[in-house]
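Quick mapping for you: the protein sequence lines, in order, are chains P and F. Using our numbering, read the first sequence as starting at 1 and increasing by one per residue. Using our numbering, read the second sequence as starting at 187 and increasing by one per residue.
Among the clues, some could well be false.
[Unchecked claim] Reference excerpt, derived from the structure (chain F facing chain P, CB under 10 angstroms, subset only):
id : residue
1  : Asp196
2  : Gln199
3  : Leu329
4  : Phe399
5  : Val402
6  : Gly427
7  : Leu429
8  : Glu433
9  : Ile438
10 : Leu443
[Unchecked claim] DSS-like, lysine-lysine: derived pairs with alpha carbons at most 27 angstroms apart:
id : chain 1 : residue 1 : chain 2 : residue 2
11 : P       : Lys26     : F       : Lys326
12 : F       : Lys211    : P       : Lys130
13 : P       : Lys18     : F       : Lys413
14 : F       : Lys385    : F       : Lys326
15 : F       : Lys210    : P       : Lys41
Think of the hints as simulated: they come from the structure by calculation, not from any bench. All values reported here derive from a predicted model rather than from experimental measurement. Glycine residues also receive a C-beta, built at the ideal position from the N, C-alpha and C atoms.
Below, each chain spelled out in residue letters.
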Amino acid sequence: MSSFEFPSIYNFPPFFTKQPNNSVWKSQLQQWTTLVLDYCKHYRIWRLSTAGTPIVEDATGVPSDSLFTNSIIDRHLKPEVCQEIIASLVDQGRAQWIDKTAQKSVLVLWYSISEWSDLLLNWVDSTGQKGVVLTLYEIQHGNLTLSEEFHSIDETTLTQALELLEKKGKVLMMKENKNVVGVKFI
Amino acid sequence: MKRLGLSALDNVQNHNQRYQEVGKKLLEDQTNQLQTQLTVFQNGLISFIKEHKKDIEDDPKFRTEFSQICLNFGVDPLAAFSIAYNGEGGQSTEKSKQKVVKNDSTANQSEQDFYNDLGIKIMEICQDTADINGGVISIKEILQILSNKPLTKLFGIQLTQDDIVKSINALTEALGTELQIITIGHKLYCKSVPQELNKDNSTVLETCGNIGFVTVSLLIDNFRWKKARATTVLEDMVANGLLWIDEQASEIQYWELS
């Protein structure tokens with residue numbers, strides 16, 4: 001996987017210190033949240049710790065360092081600032097706490113749940129798979145989705161997107177002991 | 187032919203693959219077509235401006251609606267106007283410069299229009315970035331932001347530092363000192379905040395421009411400032427958003443964003 005191209009401000013040392021001027025900080029926070037989303041999208045990181053390290057099973061090609069640390073200029077964000085950035089993502093609906101009380105890690109939504117559900121619908125439409133029963137595994141890891149953006153999507157996120165479609169009456173869910181195992185687009 | 191047994195599975199796979207390819211191709215075709223239509227329409231809008239400039243200028247209601255259409259189709263009305271007026275995109279400034287040499291009064295007028303429009307763009311940039319640079323931005327940075335705007339790219343307009351200075355001066359003539367060109371060291375800046383920069387501020391910004399950042403001890407050593415003076419000046423500038431601080435060096439560093 002090609003490495004992520006950081007914006008130039010990532011090499012600006014003060015970017016790693018919370019700025020005391022409030023309006024400057026707001027814009028700094030904005031740049032950080034955009035950066036986190038772009039970064040996760042690039043490396044397809046679905047779960048991120050508040051320290052900025054990806055939580056992945058298969059770590060090939062994904063950097064193990066925190067994105068809140070820039071070793072080239074020897075700067076890093078303080079833990080409380082990292083926490084603030086992640087919390088701001090949650091507020092914007094661009095991330096969800098995996099454990100709300102612990103607040104240690106989040107599901108990152110570089111696309112929102114409703115955007116994911118649109119992507120799924122489009123894919124089913126354009127590949128003529130209406131009425132075909134698909135397993136969640138097929139959608140996540142099947143050969144047919146290799147080039148789709150939702151390939152390897154986190155199961156929680158996928159389930160939420162499908163539940164949204166279910167509410168709209170676009171899919172039928174097949175459940176086994178309350179776990180969604182398959183889905184049919186109608 | 188219907189294949190049975192294990193090979194039927196292959197068939198399903200193949201079919202799915204085909205469906206996907208066909209679907210992709212359809213989508214691509216559609217996108218391409220729409221893209222062409224959009225470009226045609228954008229050009230249409232520009233020639234429309236050429237033909238009906240007077241109507242657009244005279245009738246405020248028409249103008250508002252027309253601007254709205256332009257915006258909906260991703261055409262910046264102001265930029266479109268200057269392109270339509272200065273000839274088919276390209277070296278619009280070059281052309282208007284040549285016209286001035288001929289001393290043609292309408293060309294003069296159009297050049298004026300061009301710089302006014304540009305001035306408004308610059309004003310927008312100053313406002314957009316005031317949060318992060320405290321309202322002081324280098325001309326170089328303005329040029330860089332302008333060159334990344336979609337429409338400037340589309341028509342390949344090459345702007346120079348002189349163009350920026352000219353249009354800011356034109357604005358200053360018309361609106362008073364809302365925007366000001368200031369020289370710090372050897373660099374030109376555009377200032378969009380009312381408060382004056384005093385000599386100490388300029389010294390700090392000039393040093394930042396040379397080595398990237400300043401520290402309290404650097405100011406004490408090089409300009410023989412008292413510690414209190416250096417601290418106050420720097421903290422003031424941080425509070426106004428002119429400088430960013432970096433707390434992770436051996437001594438607090440104050441940086442200018444650029």
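Hints, one by one, checked against the model:
no.	hint	in the structure
1	Asp196	violated (12 angstroms)
2	Gln199	holds (8 angstroms)
3	Leu329	violated (16 angstroms)
4	Phe399	holds (8 angstroms)
5	Val402	violated (16 angstroms)
6	Gly427	holds (5 angstroms)
7	Leu429	holds (8 angstroms)
8	Glu433	holds (5 angstroms)
9	Ile438	holds (9 angstroms)
10	Leu443	holds (7 angstroms)
11	P/Lys26 to F/Lys326	holds (25 angstroms)
12	F/Lys211 to P/Lys130	holds (19 angstroms)
13	P/Lys18 to F/Lys413	holds (24 angstroms)
14	F/Lys385 to F/Lys326	holds (22 angstroms)
15	F/Lys210 to P/Lys41	holds (22 angstroms)
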